[in-house]
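Student: Heads up: the sequence lines are chains G and W, in that order. Those letters in the first sequence? Residues 1 to 255, by our numbering. Those letters in the second sequence? Residues 1 to 255, by our numbering.
Since the hints were made in silico from the structure, they are not lab data. Note that the structure is predicted; figures quoted are calculated from it, not measured. Be aware that one or more of the hints could be misleading.
Stated by the list, open to error - Once the Cα atoms are required to be at most 25 Å apart in a straight line, the calculated BS3-like pairs of lysine-lysine come out as:
1. 152/G / 34/W
2. 56/W / 110/W
3. 34/G / 110/W
There are 2 protein chains.
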Amino acid sequence: MEKVTVIKVGGAVVEDDSSLQTFLAQFAAVEGHKVLVHGGGRSATAMAARLGVETKMLDGRRITDEAMLEVVTMVYGGLVNKNIVARMQAIGVNAIGLTGADLDCIRSDKRPSVPIDYGYAGDVRKVNGAALHTLLEAGFVPVMAPLTHNGKGQLLNTNADTIAAEVAKGLVPYYDVTLTFCFEKKGVLSNPADEDSVIPRINRTQYNALVADGTLSGGMLPKFHNAFAALDAGVTSVVITSAVNLNSGTTINND
Amino acid sequence: MEKVTVIKVGGAVVEDDSSLQTFLAQFAAVEGHKVLVHGGGRSATAMAARLGVETKMLDGRRITDEAMLEVVTMVYGGLVNKNIVARMQAIGVNAIGLTGADLDCIRSDKRPSVPIDYGYAGDVRKVNGAALHTLLEAGFVPVMAPLTHNGKGQLLNTNADTIAAEVAKGLVPYYDVTLTFCFEKKGVLSNPADEDSVIPRINRTQYNALVADGTLSGGMLPKFHNAFAALDAGVTSVVITSAVNLNSGTTINND
Numbered sequence: 001m002e003k004v005t006v007i008k009v010g011g012a013v014v015e016d017d018s019s020l021q022t023f024l025a026q027f028a029a030v031e032g033h034k035v036l037v038h039g040g041g042r043s044a045t046a047m048a049a050r051l052g053v054e055t056k057m058l059d060g061r062r063i064t065d066e067a068m069l070e071v072v073t074m075v076y077g078g079l080v081n082k083n084i085v086a087r088m089q090a091i092g093v094n095a096i097g098l099t100g101a102d103l104d105c106i107r108s109d110k111r112p113s114v115p116i117d118y119g120y121a122g123d124v125r126k127v128n129g130a131a132l133h134t135l136l137e138a139g140f141v142p143v144m145a146p147l148t149h150n151g152k153g154q155l156l157n158t159n160a161d162t163i164a165a166e167v168a169k170g171l172v173p174y175y176d177v178t179l180t181f182c183f184e185k186k187g188v189l190s191n192p193a194d195e196d197s198v199i200p201r202i203n204r205t206q207y208n209a210l211v212a213d214g215t216l217s218g219g220m221l222p223k224f225h226n227a228f229a230a231l232d233a234g235v236t237s238v239v240i241t242s243a244v245n246l247n248s249g250t251t252i253n254n255d
Numbered sequence: 001m002e003k004v005t006v007i008k009v010g011g012a013v014v015e016d017d018s019s020l021q022t023f024l025a026q027f028a029a030v031e032g033h034k035v036l037v038h039g040g041g042r043s044a045t046a047m048a049a050r051l052g053v054e055t056k057m058l059d060g061r062r063i064t065d066e067a068m069l070e071v072v073t074m075v076y077g078g079l080v081n082k083n084i085v086a087r088m089q090a091i092g093v094n095a096i097g098l099t100g101a102d103l104d105c106i107r108s109d110k111r112p113s114v115p116i117d118y119g120y121a122g123d124v125r126k127v128n129g130a131a132l133h134t135l136l137e138a139g140f141v142p143v144m145a146p147l148t149h150n151g152k153g154q155l156l157n158t159n160a161d162t163i164a165a166e167v168a169k170g171l172v173p174y175y176d177v178t179l180t181f182c183f184e185k186k187g188v189l190s191n192p193a194d195e196d197s198v199i200p201r202i203n204r205t206q207y208n209a210l211v212a213d214g215t216l217s218g219g220m221l222p223k224f225h226n227a228f229a230a231l232d233a234g235v236t237s238v239v240i241t242s243a244v245n246l247n248s249g250t251t252i253n254n255d
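Given the sequences, and given the hints that come with them, work out the whole structure.
Tutor: Structure representation (structure tokens):
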């Protein structure tokens with residue numbers, strides 16, 4: 001089975017010209033089929049401020065009213081996505097920018113307004129793996145903005161980590177899938193004070209031991225929860241690494 | 001040879017919800033392969049005003065400084081394009097939004113700054129007909145925003161009429177191509193005072209006669225100039241019609 005790598009990179013990396021160039025050189029070097037899923041929250045917040053639209057966050061998630069939906073549609077789907085696509089084309093990566101509405105790639109449901117009304121926020125219902133497979137087989141590199149649609153004409157704001165995980169799962173019938181999350185560290189550290197103490201591989205047994213001895217705690221636990229859910233859905237491995245070196249990092253799998 | 005219809009529709013149609021819905025119903029009914037090229041100037045001007053960016057036009061063309069490029073990238077590539085795509089998906093049209101940077105569809109050169117500096121305005125150098133052919137053969141419907149790129153990472157603002165004509169020409173090796181321009185009238189009128197006096201067909205001989213007798217003049221002449229240039233490049237017919245009835249209008253060809 002051929003391989004595909006789905007890489008999620010946050011807004012901080014793609015919104016800064018210099019870090020974007022560094023990241024894209026790494027991305028271009030990834031062999032085989034690949035998909036990029038990007039954020040853009042900082043740009044959205046900055047553009048919203050210029051337009052007098054207030055940014056409201058709750059538990060790290062954006063509350064997307066109608067004015068904010070307009071902002072994220074412009075910023076994620078236009079400004080950030082098309083800038084990445086143009087930069088990729090300049091270094092020979094045959095990128096095609098997508099939202100979940102394009103080719104009906106990602107259908108979502110508007111999140112229920114109780115207990116918390118997140119506004120136009122979409123929870124993923126279905127990924128169109130067949131459409132992405134068609135693009136990948138044509139040699140194209142999908143670059144996905146964190147926007148989805150409900151199939152009735154409504155765009156919805158959707159978390160980029162979730163999109164990356166769902167896209168990875170949606171490609172399982174077609175490929176041997178690696179899901180890579182870029183974050184600010186080189187990988188999962190055995191000693192938080194030592195940036196170079198990256199744990200190269202973690203399986204489920206090792207994970208349980210690392211939780212038991214206190215090495216893993218706090219914000220890392222949801223990341224692992226999502227990683228194991230992706231593995232359970234057939235993704236081969238999940239990598240947590242730095243955007244400046246995609247070849248290092250921590251690989252999580254079922255071995 | 002299979003047929004493709006390349007349809008250009010202006011900002012006024014796609015920026016208003018009600019006229020967009022009317023148009024999309026017409027567009028959905030067009031048989032065979034099809035491509036939509038859209039404008040979005042009014043939305044760009046409105047968004048620029050909200051951001052305190054001054055809109056400067058010269059001979060009907062936008063001067064695109066760095067701040068305005070940011071606006072058109074957001075508005076054309078994000079807001080307008082993705083709204084159209086989501087609406088199309090809702091009525092069963094398998095749309096995929098594109099700028100010229102996506103799949104390197106349209107490469108352009110920044111317009112020389114003399115005699116007039118239009119800023120980040122792109123003159124089309126090359127259309128990637130092969131990439132569009134791949135999408136069309138997969139059953140996808142490209143929806144193109146009026147943005148191109150220079151192949152070096154720079155997005156450029158490009159006239160939508162020009163993009164439609166160039167895309168039509170770029171598809172000539174693959175299809176029997178019809179190029180349709182939607183405008184505010186039902187077609188070319190023999191009597192400007194009579195909205196129903198549409199001339200159904202005009203060939204080159206008839207065109208020369210209509211210019212000689214004064215029926216055609218002013219703003220219609222450049223439209224015909226572009227239409228004949230497209231026919232010379234192998235496009236089968238050019239249609240000038242209304243966005244509310246794509247089946248009426250004036251067909252210009254070499255018969």
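Student: Against this structure, judge whether each hint is valid.
Tutor: Hints versus structure:
no.	hint	result
1	152/G / 34/W	holds, 22 Å
2	56/W / 110/W	holds, 18 Å
3	34/G / 110/W	violated, 31 Å
Hint 3 alone, counting from the list given before, is not met by this structure.
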